[in-house]
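J.: Listed below are the residues making up each chain.
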Amino acid sequence: MRNLIRRNTVAGFVAAATLATMAVGLEAQGVKISDPTSVVMIVNRDSNDIAFMDIKTHKMVGSVFLGNNVNPHMVMMSPDGRYVVTGGTRANKAYIIDTKTLQLVKVIPVDIAPEHLAFSPDSRWYYQGNPDGDSISVIDMQSLSKIKTIPGFVEPLNVTFLPDGSKAYIGNYGAHWVGVVDVRRHELIKKIQIAEVPGVAKLDPAKYLGEIHGINIAMPSPDGKYLYAADGTLGIVGVIDPREDKVIKHIRVGKDPWRIYMGHDGKYAITPNNGDETISIIDLKTNSVAATLEAGPNMTGVNFAAGKAFVISSTSGFVYVYDMNSLKPAGRIKMGTNIQLETATTDTKEEKMYLAESTNHEILIIDAKTNAVERVGNVGLFPWGTHIMDSKDNYCH
Amino acid sequence: MKVRRVKCEDRRRWKVSGLFALLCTLHFTLCTSPTSAQGIRDRIRGDRDKTTSVNEAQASELTLTITQVEVRPIQVWVRTAGTGEGQVLRAFVPNDDARFIKPDQRVRAFPPEHRSSMFQARVTQVTPGPERAQVIVTLVAPGLKGSSRYVLEIVTEHGDLLSVPNEAIIETGDKRVVYVQGSDGSYAPRDVELGVQGELFTEVVKGLMPGEQVVTFGSFFIDADHKLKGL
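One line per chain: the protein sequences are E and Y, in this order. No gaps in the numbering here: position 380 of the first sequence is 380 in our numbering, and each next residue is one more. No gaps in the numbering here: position 222 of the second sequence is 222 in our numbering, and each next residue is one more.
Do not rely on the hints blindly, as some may be mistaken.
Stated by the list, open to error - Okay, derived cross-link-like pairs now, BS3-like style, lysine-lysine, Cα gap no bigger than 30 Å in a straight line: (1) LYS145/Y to LYS167/E; (2) LYS267/E to LYS145/Y; (3) LYS56/E to LYS249/E; (4) LYS145/Y to LYS349/E; (5) LYS145/Y to LYS369/E; (6) LYS206/Y to LYS100/E.
Said to hold, decoys possible - Partial list, derived from the structure: chain Y residues whose beta carbon lies under 7 Å from chain E: (7) THR67; (8) GLN75; (9) GLU113; (10) HIS114; (11) SER117; (12) GLN120; (13) ALA141; (14) THR156; (15) HIS158; (16) PHE217.
By construction, these hints were calculated from the structure, which means they are not laboratory data. Beta carbons: idealized from backbone N, C-alpha and C, even for Gly.
The following block holds chain E by itself, in its conformation from the complex:
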């Protein structure tokens, strides 16, 4: 009997200890974000961290410090929601954060000055562009290791994958061609020349080829049938057929288009043209310019919501608004004076936009219907960009 009591007491202690361990375990696990779609990610360039803001309450959930002199450039969440990644431009490293616990789980050396990045649709591969290294680093998200560096690019900025994940397209800002990468072999298999450089360039290459504003991104149309690549120096948009990887049409737009942004309904796309401070609205059905409208200086991004397009003019402190049904200007929103606007993301309900403003270290939340602005301060130093999982407007500058 005494033995039985002893056994029961021991069993009780064991059970209590197990429960206590489990409780401590859960606490130690420290789940900070249970739903990856519930947060806005903010890249803070000068405080070297990624901050997380709750979409509903607009309160900061937490932040992950990456290290001194990292200068994160762009942030993105993996399609499975498990990881948040960023490239540290000054550190030449890629950083992988566990979304649930907000723990920095891996730091991977990549090539020089990593900036923009993309995930393959199945979450398997993370392609990190290294503009100063003229390469793409391929990171395997199963082993969380770099498996390859693909060389041969010229200032590669943005990476886009085909919906089936078979090929990736790389915009070369220092050249006039789009690189096609076979995702099975992670090899550059083709260079698609967007257009011929004018003959005059050959006479004075230093003048005409020294400061190339080439291709920022090859953006797939919403139906996935074509890719559109704007070339800044040439002032055109090349339409690429990904079945043959050939340019099938050129569309002349304004001067020095920064890049192309796709409307969510698949009808129109917009190029902000910083050379003449206009925007070109491209009809995706006819592949022609449907409207050219006045805009502001130094445009860094375009967001779409509530049937409108919001064009960010970084140095003027204005966001220019356009009605995408009538294709006419719909006013502009003054965000402040002597401020620097960066880039924005749109929530998945397409109701609000989250715009990074680096001068006052704040996020400006724009209501797409009313154009009202809410300010959230102290998000970190020099917020550079924002990102929401599954948003259709996730981009960087």
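Given chain E, put chain Y in place with the hints provided.
T.: Coordinates of chain Y only, in the frame set by chain E:
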């Protein structure tokens, strides 16, 4: 003189031919007698290593990648077709898959005509049926105008399980094999028993311990080398 020399050479030729015939006979005997042939081969080769080794240059060429066996969350994306009006879509899923579908789970919805556009959605209701369950999914925002059909990917969580990357697993007949890295850097095959197969990782029920390192990218080449050696 000339003739004699020819004869002499002929004799030599005959001698060489005789030796060649003897060697052929010996070779034939050895080859047709597997036991003794294997014995000779074993004596020549000594104790054969049952593992495969890869030097640094080869590993780089093969982009050989090693991943740790560990407990990680496994996601299965249940794919189905959904139809409906407005933001509410209805889909049917076999009961086997429906076991893991619960309200509020994340759904990725793609209109077939807009392959690059993904619309976020949530599971709002699951009604079991005799063979299939009816799953109601609600789009977070209005979907594509004029589109009533969507390809749905329902993101189901199966919990934290001991797992390896899908790519590490090689199917040979009825067996499932992974290549495990030894302490000396060599690779040896190991039979494994598998459980839930997720999008990126598969549960390992038997055959591996947490902390062991398995080959993922490049496992096919290790396997090929292993088979070439006849191990």
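J.: A separate judgement is required for each hint: does it hold in the structure or not?
T.: Against the structure, the hints:
no.: 1; hint: LYS145/Y to LYS167/E; verdict: holds, 28 Å
no.: 2; hint: LYS267/E to LYS145/Y; verdict: holds, 11 Å
no.: 3; hint: LYS56/E to LYS249/E; verdict: violated, 43 Å
no.: 4; hint: LYS145/Y to LYS349/E; verdict: holds, 15 Å
no.: 5; hint: LYS145/Y to LYS369/E; verdict: holds, 19 Å
no.: 6; hint: LYS206/Y to LYS100/E; verdict: holds, 28 Å
no.: 7; hint: THR67; verdict: holds, 4 Å
no.: 8; hint: GLN75; verdict: holds, 6 Å
no.: 9; hint: GLU113; verdict: holds, 6 Å
no.: 10; hint: HIS114; verdict: holds, 5 Å
no.: 11; hint: SER117; verdict: holds, 4 Å
no.: 12; hint: GLN120; verdict: holds, 4 Å
no.: 13; hint: ALA141; verdict: holds, 5 Å
no.: 14; hint: THR156; verdict: violated, 12 Å
no.: 15; hint: HIS158; verdict: violated, 13 Å
no.: 16; hint: PHE217; verdict: holds, 6 Å
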